[in-house]
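Novice: Whole structure, please, built from the sequences with the hints as guidance.
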Amino acid sequence: MDYEAVIGLEVHLELKTRSKIFCGCSTAFGMEPNSSCCPVCLGLPGSLPVLNRSALEMAVKAALALNCRVEGRSRFDRKNYFYPDLPKAYQISQYELPVARGGYLEIDLPGGIKRVNIERVHMEEEAGKLLHAGGSIMESDYSLVDYNRAGIPLLEIVTAPNISSGKEARLFLEELRLLLFYCDVSDCRMEEGSLRCDANISLNLPGAAMGNKVEVKNMNSFRAVEYALDYEAQRQAEILSRAGEIVQETRHWDEENRVTVSLRGKEEASDYRYFPEPDLPPLLIEESWVQELKEALPELPAHKRLRFEEQYRLDPKDVAVLTSSPELACFYEEAARHVEDYTGLANWVKGDVLRIHNDSGKAIGEMTPLALAETISLLERGEISRPVAREVLEEALVRGKNPAQVVQDRGLGRIADPGTLGPLIEKVLQENPKAVESYLQGREKALGFLVGKVMAATRGRSDPAAVNTILRDKLQNLPGKVE
Amino acid sequence: MKEIAQIVDYLALLVRLELDEEQKKVLAAQLDNILDAARRVQELDTSGVEPTAHVVSSRGTLREDEVKPSLSLEEVMQNVPLKEGSLFRVPSMSGSGGPNGPGGPAPEQIHASEEAGDRQEGKG
Numbered sequence: 003m004d005y006e007a008v009i010g011l012e013v014h015l016e017l018k019t020r021s022k023i024f025c026g027c028s029t030a031f032g033m034e035p036n037s038s039c040c041p042v043c044l045g046l047p048g049s050l051p052v053l054n055r056s057a058l059e060m061a062v063k064a065a066l067a068l069n070c071r072v073e074g075r076s077r078f079d080r081k082n083y084f085y086p087d088l089p090k091a092y093q094i095s096q097y098e099l100p101v102a103r104g105g106y107l108e109i110d111l112p113g114g115i116k117r118v119n120i121e122r123v124h125m126e127e128e129a130g131k132l133l134h135a136g137g138s139i140m141e142s143d144y145s146l147v148d149y150n151r152a153g154i155p156l157l158e159i160v161t162a163p164n165i166s167s168g169k170e171a172r173l174f175l176e177e178l179r180l181l182l183f184y185c186d187v188s189d190c191r192m193e194e195g196s197l198r199c200d201a202n203i204s205l206n207l208p209g210a211a212m213g214n215k216v217e218v219k220n221m222n223s224f225r226a227v228e229y230a231l232d233y234e235a236q237r238q239a240e241i242l243s244r245a246g247e248i249v250q251e252t253r254h255w256d257e258e259n260r261v262t263v264s265l266r267g268k269e270e271a272s273d274y275r276y277f278p279e280p281d282l283p284p285l286l287i288e289e290s291w292v293q294e295l296k297e298a299l300p301e302l303p304a305h306k307r308l309r310f311e312e313q314y315r316l317d318p319k320d321v322a323v324l325t326s327s328p329e330l331a332c333f334y335e336e337a338a339r340h341v342e343d344y345t346g347l348a349n350w351v352k353g354d355v356l357r358i359h360n361d362s363g364k365a366i367g368e369m370t371p372l373a374l375a376e377t378i379s380l381l382e383r384g385e386i387s388r389p390v391a392r393e394v395l396e397e398a399l400v401r402g403k404n405p406a407q408v409v410q411d412r413g414l415g416r417i418a419d420p421g422t423l424g425p426l427i428e429k430v431l432q433e434n435p436k437a438v439e440s441y442l443q444g445r446e447k448a449l450g451f452l453v454g455k456v457m458a459a460t461r462g463r464s465d466p467a468a469v470n471t472i473l474r475d476k477l478q479n480l481p482g483k484v485e
Numbered sequence: 012m013k014e015i016a017q018i019v020d021y022l023a024l025l026v027r028l029e030l031d032e033e034q035k036k037v038l039a040a041q042l043d044n045i046l047d048a049a050r051r052v053q054e055l056d057t058s059g060v061e062p063t064a065h066v067v068s069s070r071g072t073l074r075e076d077e078v079k080p081s082l083s084l085e086e087v088m089q090n091v092p093l094k095e096g097s098l099f100r101v102p103s104m105s106g107s108g109g110p111n112g113p114g115g116p117a118p119e120q121i122h123a124s125e126e127a128g129d130r131q132e133g134k135g
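So the sequence lines, in the order shown, correspond to chains A and B. The first sequence maps to residues 3 to 485 in the working numbering. The second sequence maps to residues 12 to 135 in the working numbering.
Just so you know, not all the hints are guaranteed correct.
[To be verified] Computed footprint of chain A on chain B, listed as stretches where at least three residues anywhere in the stretch have a Cβ under 8 Å from a Cβ of chain A: (1) 57-67; (2) 76-88; (3) 91-102.
The hints are simulated quantities; they were obtained by calculation from the structure and are not laboratory data. Don't be surprised by glycine CBs; every beta carbon is placed ideally from N, CA and C.
Specialist: Here it is, written out as structure tokens:
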């Protein structure tokens, strides 16, 4: 029997504000433990939270990008639980009245576009970080707490249960991350914990009622989400196919053994005793402000991809790379204003520009697109050879120099002058008697070899056509050549 | 009183408090009084009255996203009964399975060997 998987995701992401959501403590990563704490985020008596304007703005931007309805009136609630990662013993969250509801995000599947519905988007505060000391994680002697992260603004995005496979879940997360990059609201680094994802999954036969759902946690990469959900779907299918019953529970993804594991001892149902946060007034958002933010949204990835395909007539695969970050897309477009061969340009950007970025660590946003356009132009005008062009581009992008200037300063211009090439070519002929002989015996290939030697001797700067002509000429007139 | 005793037990579990029988009795009596007061409020006819979680209707103030000085580490640690370096030390939370809810950053295990010494001391 073929079961259908019904998957819903809960994504938590840290908003990239400078200060925390309700106080002025820094959100910087990697600070000394507990050095970014104040009475508000430590929950000391008498302190009062005040909402960070940027956090709200980022939340609204993300909600709009997800096609959600931003609520004019929402509210913060206290979610009460006693665990040492929360200094206050409650988390300020939004329960009944989230900041936004009812959106969607589209993902590209082989069979077409699928719309994943978003149920709600709400703001809350991050918890502190627990470190477990001694023994294995399950048997540590005690725990240590760092509250630097307590109070960093979080956005929780909850999808409707209309994801059908691990792959769809991964594609959704990848598209979501790209969208949030574009909106500049989160770094979405799963390895630093700035994006986390939990999933609910159940199985049912087509048309039948939904089965018992299992919550899967502890997935630390997008791939892990895909594997964990596929594993879990298979596990549940096996149980159901032998008429077993799915236990409604929370399971952890065990990355090492590639299985989900039941979290025993967590049977008690959660009871968070939510109630309206008395320290914060209701959150009223003016429609005009929402409208302003909506109009200020950048072009979003899906739209940009379509436009790139049409405007520059590029292959979708190239477009996916070029639009993988707003900076790279912007770099391409700026350069494209000065270049005619869009596909050629795409190859330069995908290849050399990304390589230079990776090798040098220089941010794409700090590179000058015009330098690429000018380098290509020097190459097209025959002033430099391709290997030189790559060298010039690197120098121009990394050091912010003008390509023509780099060519001049480093004497990289193309050498076509017979007076310069002549002696070089003669030297190559003397050093490669075998190749000369072979050419004279009629092997045309040997000529290519000799041209290559001359090119190498000038580090790619010689003009191949000129080299070819002079080389042939000299070979024809070799002293001692048998006619 | 049986019902109220159960409520006390349940609440004690939720807030992770270990209460002895005497304390439970005292708290049950107090809680009963509080619930009585709430029951009296519930008797009021509130049909047509909107739920009023907040008495203020003003738009909340927002703060600008500016970093302000935090407390010094000394101040943060001032009342901490147990610490290790600049970290708060608490009973082991690893086996107890954390909260279902907010899903904070995944707990990390401490591997650094130089911390082993401290740990031994702390234990003794």
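Novice: Now tell me, hint by hint, if it's right for this structure.
Specialist: Hints versus structure:
{"no.": "1", "hint": "57-67", "verdict": "holds (count 3)"}
{"no.": "2", "hint": "76-88", "verdict": "holds (count 10)"}
{"no.": "3", "hint": "91-102", "verdict": "holds (count 8)"}
Comparing the model with each earlier hint shows no violations; every hint is respected.
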